[in-house]
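Based on these hints, arrange chain B on the given structure of chain A.
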Amino acid sequence: MSELLETRLADLAAHVELPPAPDLAARVRARVEAEPPRRAWRLRPAFAVPLALLALSVGGVAAVPSARSAVLRWLGIEGVRIERVPKAPAPPPASSPPALDLGRRTTLTRGTLVPRALGRPDAVYADGDRVTLLYRPRRGLPESEHSGAGALLSQFPGRTNQLYVSKQAGPGTKVEPVRVGGEPGFWLGGVAHSVLYEDPSGAIRESRARLAGPTLVWRHGDRTLRLEADVSKSRALAIARTIR
Amino acid sequence: MVGRPLNESELVARARRGDLDAFEELVREHQGMAFRTAYVITGSAADAEEAAQDAFVKAHRALGRFREGEPLRPWLLAIVANEARNRRRSAARRARFELNLAEERPSRDAAPSPEAALLAREQRARLLAAIDTLGEEQRQVVACRHLLGLSERETAAALGWRPGTVKSRLSRALARLEEQL
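Line by line, the protein sequences give chains A and B. Using my numbering, read the first sequence as starting at 1 and increasing by one per residue. Using my numbering, read the second sequence as starting at 245 and increasing by one per residue.
Chain A with its partners taken away, still in its complex shape (with noise of 0.2 Å):
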């Protein structure tokens, strides 16, 4: 558009005229006042659960959000966060896509839990107490274009007051409780969110930070498992269900 069109069309935005505007204040809050008393909002009732559930099970993983950050709700199982924020998180600069950061590269030992449905994994890592499962993309198995892989298989010690895993979801990504096996999960689907792996000092560092895909996160036992694949959900979940 030119400067002229723009300096006219900015001149006539200040002489036009439109039909004067209502004063509607008072008639929608006598309208808003006659309508039937209703629960309080706060929470969709999606949350509800979730939270009743923290409440039960979460121990200190974390205490209430800080009202300095901009989370607006957070929930959890054991070793996972999963925060509420106002914005999708931004994907990193092309120029440097984080590394996915598994830790050293090991093999399965005794007591690690494999899902059935997938088998064994084509290389396993360790980083601390926490063991990933890698699965290279295959049938069934998209490569994410998040990760890389088709499946990535977490698994870490629940019951810990220990952050593992904080993720962030934005408006777009959908956070469903569930349920595997009778324990407590989320589903979390729709826009990638993001997740920081804790490192072994302690520290939540954002510059491991990377963007997610569909993510199923849950308790196992005494172990909290955090499935990412490109897969819907009840395939998510019915992955989850052959763990042993």
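Honestly, the hints are just simulated from the structure, not real lab data. In this text, a Cβ means the ideal position worked out from N, Cα and C, and glycines have one as well. You can trust all of the hints, since none of them are fake.
In silico DSS-like pairs for lysine-lysine, Cα to Cα no more than 30 Å straight-line:
#1 B/302 x A/87
#2 A/87 x A/233
#3 A/233 x A/174
#4 A/87 x A/174
#5 A/174 x B/411
#6 B/411 x A/87
#7 B/302 x A/174
Computed Cβ-Cβ distance ranges for the label pairs, DEER-style:
#8 A/244 x B/333: 54 to 60 Å
#9 A/232 x B/312: 26 to 32 Å
#10 B/314 x A/22: 23 to 29 Å
#11 B/252 x A/117: 47 to 53 Å
#12 A/86 x B/360: 46 to 52 Å
#13 B/393 x A/128: 52 to 58 Å
#14 A/105 x B/314: 42 to 48 Å
#15 A/138 x B/312: 41 to 47 Å
#16 A/86 x B/346: 37 to 43 Å
#17 A/34 x B/335: 25 to 31 Å
#18 A/23 x B/360: 35 to 41 Å
#19 B/404 x A/117: 41 to 47 Å
Below, chain B alone, put in the same frame as chain A:
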């Protein structure tokens, strides 16, 4: 009340807790834009008034779903626009919103010469006539963005289009205005 006036997010937080004074204040703050946007969509002042009023009542019911920290206006305008479009669909005759030039008010600035004032008025009338030759969608997008001063996001919410559509229709509309002037 003593002290500084509450800002919008404080008003929203109070309204969510059931504070009707706070909600009424939000209505006062946004009713002008809500009405004008509804008018651009329905083309009828009576329909626009009803649409805006119903939209505020619905917005009050839906406040629990509003994400704190987000700007309120696009959210409100989406509700208003939805009400307005429903009325437009059911209206027997589709009205086109009318834009008229306001009567000249004596300006507090150095008054231009009568000739200059006349010239300015003629120019405005010509621009307005050019806008009126545009198709309805282009007229709406020009009105929302340049006459009501809505942001691209607010315009997208008001017209129910994607932001990319707002951009492309607006640029085509402006190109046509350039040609005509």
